[in-house]
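For this one, chain A is given, so just place chain B on it according to the hints.
Protein chains: 2
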Amino acid sequence: MDTGILTDGPERSHRRTGRSRRAGQSRGLEQKPFRQPRMTYRPIEIISADALEDIHNASLTILEEIGIDFMHEEAKAVLKRAGADVEPGSDRVRIDRGLIMQALTTCPPEFTMHARNPAHNVRFGGDWIAFAQMASAPNCSDMDGGRRPGNQQDFRSLVKLAQSFNIIHLTGGYPVEPVDLHASIRHLECLRDFATLTDKVFHVYSLGKERNRDGIEIARIARGVTDEQLERQPSVLSIINSSSPLRLDTPMLQGIIEMSSRNQVIVVTPFTLAGAMAPVTLAGALAQQNAEALAGIAFTQLVRPGAPVVYGGFTSNVDMKSGAPAFGTPEYMKAANVGGQLARRYNLPYRTSNTCAANTLDAQAAYESVFSLWGAIMGGGNLIKHAAGWMEGGLTVSYEKIILDVDLLQMVAEYLEPIVVDTDTLALDAIRDVGPGGHFFGTPHTQARYRDAFYAPLLSDWRNYETWSEAGGPTAYEKAHRLWQEALAQYEPPPLDPAIAEEIDAFVARRIAEGGAPTDF
Amino acid sequence: MDTGILTDGPERSHRRTGRSRRAGQSRGLEQKPFRQPRMTYRPIEIISADALEDIHNASLTILEEIGIDFMHEEAKAVLKRAGADVEPGSDRVRIDRGLIMQALTTCPPEFTMHARNPAHNVRFGGDWIAFAQMASAPNCSDMDGGRRPGNQQDFRSLVKLAQSFNIIHLTGGYPVEPVDLHASIRHLECLRDFATLTDKVFHVYSLGKERNRDGIEIARIARGVTDEQLERQPSVLSIINSSSPLRLDTPMLQGIIEMSSRNQVIVVTPFTLAGAMAPVTLAGALAQQNAEALAGIAFTQLVRPGAPVVYGGFTSNVDMKSGAPAFGTPEYMKAANVGGQLARRYNLPYRTSNTCAANTLDAQAAYESVFSLWGAIMGGGNLIKHAAGWMEGGLTVSYEKIILDVDLLQMVAEYLEPIVVDTDTLALDAIRDVGPGGHFFGTPHTQARYRDAFYAPLLSDWRNYETWSEAGGPTAYEKAHRLWQEALAQYEPPPLDPAIAEEIDAFVARRIAEGGAPTDF
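Read top to bottom, the protein sequences are chains A and B.
Quick note, the first sequence lines up with residues 1 to 521 if you use our numbering.
Quick note, the second sequence lines up with residues 1001 to 1521 if you use our numbering.
So that you can see chain A by itself, here it is in the shape it has in the complex:
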């Protein structure tokens, strides 16, 4: 089979199953083991150290002089106790630079997130890279089924795909919003699926403190650990988006309080679209991004010094003709690069994303995504959110795009693998043996290495034009359509202790019986 995803023969399957059982990976997929890529060379510095300081100082001036709205009484009380200037009768909080910079000193530069399968633990910060599946799409789509609002069946299929591909290191939220589940109990059903259909790290939405607490508890049960161990070993993460410009709303601040106080991971990501929620100039949008990020990050440290936190950047531009958000643009790449410089300035892990605005899996979807990855990877991104599946500026998760992105991510990982330069690889003996005018294909040096010498892509069709035409001229989109179905057919749930599964079910049943969580968030 020339599918890129191979069904193993019996003997091979046996061997692979042994391996995959140990690692808790799906069998039957021809892919490399679960492993985080590392950015082994220096990220791009697209602006000078002076310009970086100008952005840094502008953002501190914003926090000192303009202030930021913390829309939560408890949060304001925490900030006031720490010495911030809370405007009476208002949510406006002004924070001086000394307080911000002092709070940042306790942020851990690197940490590990613990999955229920320890082989799937994820390292954040330093030169580590982690790819998270796309999150929070209201719609999903595939080539046959078309575009449709999210539902539980698609949610589950998409989570299974996240489990199936080793290059997807964690899930980053609901790949699609299952609107057929009532909002009060949706998080319980989804969290159970995250904890059972995958054994990777998962995300908990900050949409009311009950949801944070339920997510933390399900992660604890799934890992079979005590509260104390869970606090020592962060296991869930939550994305905190500021309501740009310069606002942190109640559920987000509750989320920080719930998560950070339990030493779980917060990713603070302002959504600063230049020209809309942020200045039209990149420098201004980045100064505002930085102000909002630093405010949220500092707040995590006021809640609990040392709590793991990630600097998130999501600055892009809008189409100035229509106001539509644009992604994977030159401006997006630049912002992703500068975001990395800012995060490194504060010695924080850096979150960025793999995005596009395309409506179908055409050339645009691919070039916007690869430009996004170029900005993210060269910018030193540690956590790449929305790494697989993102379409339409986030309004749809596409099954085929997941396959395209898996291929792109695997290629990026391969690109980051160091080139081995030694006597063996320099191959002087082989070059001597072949000599001028010869050919290397049949040489022992080639034969001993050719199987694993190069990355074998999932989608790329390298047949010549005639052969490709005779086969019907398939596009990458069509091939991707076949591959996700194969992957889903091969999916096997990762092993789970039945007692733990029972405990999760009991917890979910009890919480559903209690009515779940308030829906007035």
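Only true hints are included.
Listed next, the in silico DSS-like pairs over lysine-lysine satisfying Cα-Cα at most 25 Å (straight line):
(1) K1321(B) <-> K32(A)
(2) K1032(B) <-> K321(A)
(3) K76(A) <-> K209(A)
(4) K1209(B) <-> K1076(B)
(5) K1160(B) <-> K1032(B)
(6) K80(A) <-> K209(A)
None of these hints come from the bench; they were simulated from the model.
Chain B in isolation, oriented as in the chain A frame:
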């Protein structure tokens, strides 16, 4: 019109024509002026300085101990005189490292290529980037006309497109091989088209010395300069491909002699496909690339010290299942990065390429091309060959791919534009005015800047899904199909002194009457 390529209204057209006449650019295209991007930050160093020295030393050992075939008597005589070890009765030449490194000392690190329109001169080396149109495809294709062998009409249309887009800085050879022209006079017809349908720098094939001489003479006439001025101001370039492994054939060596002796530009590019014409290991393929490149580059300096020369890298891998060449792969990206490190080690301009292996303008065409550009740009490429139009590993030039690539190249150029960080762009006043919870769209700061704030792509469709669907759900491929036709319809030949046009015609007529050039190359 929402086409990306706007037809100007009368008043605007008048203004733009004035500008474009000065610059000799086609009017009617909504694009930035002709300008070379610059790589303003440090290229990626993907291997260590030690590993780079290991490759360098291995390549010098190859030249010293294994040797390289110079398949031309005059070339061997030049090398012998310089002190190389020419094996009697053989083409094998062994060159010691002292001789190679001595020869390299006279290579100019930067130089200017002179177009007949001085506004289109191109700077090579340093941090300058130049994009050349795709070259040497046997076939061309478009969405309506399908795939067909090259012919003069398509050749001309493609050259007109190279003239039409300011981001294409030069032509790099025949965009398609016009096989309806007899091989003996094909170069004369093509060179006349290059010299008249465009006013940009062009390429001369090294396929027998007559062709080099005819190309140099047509460039001289077109520029209206003397032989002496032409020698002071390099005006044509020729790509020299080694016949890997380790061979330089007769027409290539004649090409170097003809071009370098007249101080015209040579680009030495080994075609080292790892696993086929070079070792399967990247380090070995790069050592061989470097040996072949250094041999050709050193030879240019033996012909004429100081002659302008470019270090070319074209190392990629093959599909080990089929032997088909692969492009835009992780291995290609790595090789492109290392090639740049090698070129910079010798203080030489670096040539790399924008390639893909796709058979149609789908996601694959886009991601392989953007990965190629990622490798090329982050590798510090100065001359990016095949930058617009390349499909199928070079077997076809696609009209639609030219539009896609123009868009990609414009985005890369925009990405490389420095971010301005100053009081105005940091926008503290705008942020203060808008305040928490506001919106920037209508602010004076935004209104004053929004028109030119962001890159406006040719192809990206940023409409929402519903609007896009109602419009028929067009793909980037379909939009590209419309845009090249619009560009071609708007093409105007660049101004040319009638006396010069006559002189070119007379030269071409005379040379055709003489029978053109031998076809036994």
